[in-house]
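Visitor: What follows is each chain in one-letter form.
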Amino acid sequence: MAMVTVEQVWAALQDVKDPEIPPVSVVEMGMVSRVALDGGKVLVEATPTFVGCPALEIIRKAIVDRVRAEAGVEAVEVRFVFDPPWTTDRITPAGREKLKSFGIAPPPAYNGGLLDLEVAPRCPFCGSADTHLENVFGPTACRSIFYCDACRNPFEAMKPV
Amino acid sequence: MSGPSELRPEYRQALVELLYQLADDDLTMGHRDSEWLGLAPHIEEDVAFASIAQDEVGHAAIYYRLLEELGEGKADDLAHLRPAGARRNAVLLERPNGTGTYLVEPHFDWAFAVVRHYLYDLFDAVRLEALVQSSYAPLAQVAAKIRREERYHLLHHETWLRRLARGGEEAGRRLEAALRQAWAEAGGLFDLGPQAEAIRAEGLLPATGEELLARWTARAQAAFAAAGLAWPGALPPAPLNGRAGQHSEDLPALLETLSEVYRLEPAAQW
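Chain order of the listed sequences is B and P.
In terms of our numbering, the first sequence opens at residue 1 and continues consecutively.
In terms of our numbering, the second sequence opens at residue 1 and continues consecutively.
Because the hints were derived from the structure by calculation, they are not lab data.
It cannot be assumed that every hint is accurate.
Claimed, not checked - If you anchor each label on the Cβ, the simulated ranges turn out as follows:
(1) B/10 to P/13: 19 to 29 Å
(2) B/97 to P/8: 46 to 56 Å
(3) P/173 to B/77: 49 to 59 Å
(4) P/83 to B/72: 27 to 37 Å
(5) B/68 to P/73: 43 to 53 Å
(6) B/15 to P/234: 31 to 41 Å
(7) P/9 to B/72: 24 to 34 Å
(8) B/58 to P/250: 49 to 59 Å
(9) P/38 to B/58: 54 to 64 Å
What the hints assert, rightly or not - To give an idea of the chain B side of the interface with chain P (calculated C-beta under 8 Å), a few residues:
(10) 78
(11) 82
(12) 133
(13) 137
C-beta: ideal position from N, C-alpha, C; glycine also.
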């Protein structure tokens with residue numbers, strides 16, 4: 001049987017989507033830090049977005065199930081690591097576009113860890129800069145709540161960490 | 001890097017003690033935060049406290065996982081089943097948010113919640129800053145990650161402290177009372193327990209309690225000045241030392257609620 005390759009595993013991981021943000025894969029979120037092979041045994045090292053994220057176990061299972069389905073894979077281990085720590089800078093440019101398409105403003109560059117409260121993100125729906133912060137905290141650990149005064153939609157934005 | 005089984009006994013003992021302090025602090029704080037659900041004075045604060053609670057409990061979960069990797073037992077058991085006398089959280093964090101419960105006559109004190117969380121978030125910031133230099137690499141890595149999330153908590157409560165300080169007569173009165181209440185026990189955060197010297201000497205937390213207090217005081221004084229608040233003075237010694245397993249009657253009640261569902265069926269798969 002043909003051996004699976006690291007490239008094949010990375011390609012398969014593109015099919016594993018963030019459970020909360022369906023268009024974005026875990027690769028585009030910058031969550032996958034390393035793929036290693038030992039014959040048919042695959043090790044995927046993932047770095048958690050937020051320590052308290054309740055979706056981590058769902059993501060682990062999704063990675064195992066998807067990679068296991070590749071020809072030549074006997075076993076899959078997912079290890080969550082904190083080195084390197086996840087940062088919003090790890091989200092790929094494709095990931096940022098897909099966040100916007102889902103109505104979530106992508107994060108600004110990490111500037112030492114705080115949302116820049118002076119500069120509100122553009123509205124992902126209408127593109128206006130006439131937006132303001134409603135809440136630094138939101139419905140998930142990774143997002144803040146904004147409001148667009150132009151098109152009058154609330155929207156979420158990734159918290160820079 | 002040596003694995004957990006290769007640690008010297010003295011090193012492991014001090015490390016485990018420190019991890020229990022970290023885990024129990026965040027679990028206790030997170031539980032009290034979660035009790036504001038549905039009761040916060042503003043819808044956005046309800047959202048904020050739920051998110052903050054999730055972060056704190058998530059941080060506790062990671063510390064309990066490090067303890068599990070060191071052979072202390074299952075992380076869920078450590079979180080839910082240890083009795084009050086085994087807990088290492090600071091007593092300030094186990095105090096209720098007010099009287100009553102969600103179902104029966106809740107009269108929670110928003111000023112106390114803000115003050116307590118601000119004092120704790122600042123302490124945690126100073127402690128995490130030291131922990132990123134920990135001689136135990138897994139802890140140093142986790143601390144670096146947690147620090148990035150905690151920044152938002154500190155910002156949030158510092159903002160509220162300023163808001164209440166400038167909120168007029170009633171806000172000022174309640175804030176003063178909350179500061180008096182919290183000041184009496186905040187000193188307990190800085191006691192690093194009976195193993196304090198070993199924790200420092202082994203490089204696990206490369207700072208003494210006094211050094212952490214000095215850094216905390218400098219930053220807190222600046223924040224109080226910016227808010228126009230009078231500095232209440234040096235923290236008195238806390239009457240109960242949570243780091244040595246001395247706890248109030250509030251902790252058993254907290255643990256009873258926290259562990260109730262888990263204890264119903266410890267073998268359940270969650």
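Visitor: Please go over all the hints and tell whether each is borne out by the structure.
Guide: Verification of the supplied hints:
{"no.": "1", "hint": "B/10 to P/13: 19 to 29 Å", "verdict": "violated (43 Å)"}
{"no.": "2", "hint": "B/97 to P/8: 46 to 56 Å", "verdict": "holds (51 Å)"}
{"no.": "3", "hint": "P/173 to B/77: 49 to 59 Å", "verdict": "holds (58 Å)"}
{"no.": "4", "hint": "P/83 to B/72: 27 to 37 Å", "verdict": "violated (51 Å)"}
{"no.": "5", "hint": "B/68 to P/73: 43 to 53 Å", "verdict": "violated (30 Å)"}
{"no.": "6", "hint": "B/15 to P/234: 31 to 41 Å", "verdict": "violated (59 Å)"}
{"no.": "7", "hint": "P/9 to B/72: 24 to 34 Å", "verdict": "violated (45 Å)"}
{"no.": "8", "hint": "B/58 to P/250: 49 to 59 Å", "verdict": "violated (35 Å)"}
{"no.": "9", "hint": "P/38 to B/58: 54 to 64 Å", "verdict": "violated (26 Å)"}
{"no.": "10", "hint": "78", "verdict": "violated (14 Å)"}
{"no.": "11", "hint": "82", "verdict": "holds (4 Å)"}
{"no.": "12", "hint": "133", "verdict": "violated (10 Å)"}
{"no.": "13", "hint": "137", "verdict": "holds (4 Å)"}
Violation of the numbered hints given earlier is confined to hints 1, 4, 5, 6, 7, 8, 9, 10 and 12; the remaining hints are satisfied by the structure.
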